[in-house]
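S.K.: Next come the chains, spelled out residue by residue.
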Amino acid sequence: MSDRSVSRAARDRKVYAPVFFALGDETRLWLVARLSSGTPQSIAELTAGSSLTRQAITKHLRVLEDAGLVRSMRTGRESRFEFEPKPVKQLKAYLDQVSEQWDQTLGRLKSFVER
Amino acid sequence: MTDTDRIEKRIELNAPVSRVWQALTDHQEFGEWFGVKLDGPFVPGQASRGHITYPGYEHLKWEAVVQEMEPQKLFSFTWHPYAVEPGKDYSSEASTLVEFKLERTANGTLLLLTESGFDKIPGERRFEAFRMNEGGWEEQMKNIERHVGQKR
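Line by line, the protein sequences give chains A and B. Mapped onto numbering that gives the first Met the number 0, the consecutive letters of the first sequence carry residue numbers 0 to 114. Mapped onto numbering that gives the first Met the number 0, the consecutive letters of the second sequence carry residue numbers 0 to 151.
Note that these hints are calculated values from the structure, not bench results. Do not take every clue at face value.
[As the list claims (entries may be wrong)] Derived SDA-like pairs (lysine to any residue); straight-line CA-CA distance at most 20 Å:
id	chain 1	residue 1	chain 2	residue 2
1	B	K119	B	A105
2	B	K8	A	K58
3	B	K119	A	F19
4	B	K60	B	K8
5	B	K8	A	S110
6	A	K109	B	G30
7	A	K109	B	S17
8	B	K100	A	D24
9	B	K100	B	W78
10	B	K8	B	Q71
11	B	K36	B	P15
12	A	K58	A	A47
13	B	K119	A	D24
14	B	K36	B	W61
15	B	K8	A	D102
16	B	K8	B	K72
[Said to hold, decoys possible] Some chain A residues flagged as far from chain B (calculated, every beta-carbon gap over 12 Å):
id	residue
17	L51
18	K58
19	R70
20	S98
21	E99
22	T104
23	K109
Here a beta-carbon is modelled for each residue, glycine too, at the ideal position from N, C-alpha and C.
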């Protein structure tokens, strides 16, 4: 592996690891689903729709925020939270990569059986 | 079932179903286009073992468990799609199911490929594979493509 690809791998690890971690939890997945409807919501609104405490919701939102999956903005006295789709799109890239490999593999099968 | 759980491919092959079936299920022919050297024939219910043949990557093992072999219709196996770390035991982790389905067409064969079960793969494993795949596997594919091209 070249120095360049090592540093790229290091960069990717930094970028992706928190995203995988953040999404690996049912409550946080539920929060992402709630927020991905598009409307920014306050902690009070999110707590009202769940069986969790305000503290628990706040803690999970913090993890999502650190992973770049959620953005908060202050309006008046309250913070509202909004879904940020970019990391999820990057996450989907790995499946696209597997998909690409199958395209190449099946291309070789095609050449093989048609020759 | 979500769109992140499975990959589906359809490809038209200008070759009879019997020819495609042989290329899929004869372990030596499979190895030629897939890019692996397999230790022995495919047997339903049994593990298939071998290794990647690209120079510099021979330390990467191939291991799958053959599921179904319904002549000229269905060939399937399970494997660990991200088992890329040498010496690590992946047997306790979730595997994905790869299915090749064949249908006779006017011009030859329609091949339907499905790989499913990605949602059960641990997040960290996906990430690791994503990272390791980035350089090596792509490069290997290109080399195999060149090799197959030369033989034609």
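S.K.: Each hint: holds or not?
M.R.: Against the structure, the hints come out as follows:
At most 20 Å may separate the alpha-carbon atoms for a hinted pair to count; B:K119 and B:A105 exceed this at roughly 38 Å. Between B:K8 and A:K58 the alpha-carbon distance is near 41 Å, which puts this suggested pair outside the 20 Å criterion. This hinted pair checks out: B:K119 and A:F19 have alpha carbons roughly 13 Å apart, not beyond 20 Å. At roughly 25 Å between alpha-carbon atoms, B:K60 and B:K8 are farther apart than 20 Å, so this suggested pair is violated.
For the suggested pair B:K8 and A:S110, the alpha carbons sit about 16 Å apart, so the restraint of at most 20 Å is met. Annotation: proposed proximity of A:K109 to B:G30 holds, straight-line Cα distance about 14 Å (limit 20 Å). Restraint check: the Cα-Cα separation between A:K109 and B:S17 comes to about 14 Å, which is no more than 20 Å; the hinted pair holds. Simply put, B:K100 and A:D24 have alpha-carbon atoms about 35 Å apart, too far for the 20 Å limit, and the pair is violated.
Restraint check: the Cα-Cα separation between B:K100 and B:W78 comes to about 17 Å, which is no more than 20 Å; the hinted pair holds. For a cut-off of 20 Å, the pair hint linking B:K8 to B:Q71 stands: about 18 Å separates their Cα positions. With a C-alpha separation of about 25 Å, the suggested pair B:K36 and B:P15 falls outside the 20 Å cut-off, and the hint is violated. Pair hint A:K58 plus A:A47 holds up; C-alpha atoms about 16 Å apart against a cutoff of 20 Å.
Restraint check: the Cα-Cα separation between B:K119 and A:D24 comes to about 13 Å, which is no more than 20 Å; the hinted pair holds. At roughly 8 Å between alpha-carbon atoms, B:K36 and B:W61 fall within 20 Å of each other, so this suggested pair holds. Under the criterion of a C-alpha separation no larger than 20 Å, the hint pairing B:K8 with A:D102 is consistent with the structure, at around 8 Å. Only pairs whose Cα atoms come within 20 Å are accepted, and B:K8 paired with B:K72 is accepted, the gap being roughly 16 Å.
At the 12 Å boundary, the C-beta of A:L51 stays outside the reach of chain B, the nearest C-beta of that chain being 22 Å off. Every Cβ of chain B is farther than 12 Å from the Cβ of A:K58; the closest lies at roughly 19 Å, confirming the non-interface assignment. Every beta carbon of chain B lies more than 12 Å from that of A:R70, the smallest distance being close to 22 Å; the non-interface claim holds. Separation of A:S98 from chain B is inadequate, the least Cβ-Cβ distance of about 5 Å not exceeding the 12 Å criterion.
Not every beta carbon of chain B lies more than 12 Å from that of A:E99, the smallest distance being close to 8 Å; the non-interface claim is violated. A Cβ of chain B approaches the Cβ of A:T104 within 12 Å, the least distance being about 6 Å, so the stated non-interface status is violated. Not every beta carbon of chain B lies more than 12 Å from that of A:K109, the smallest distance being close to 6 Å; the non-interface claim is violated.
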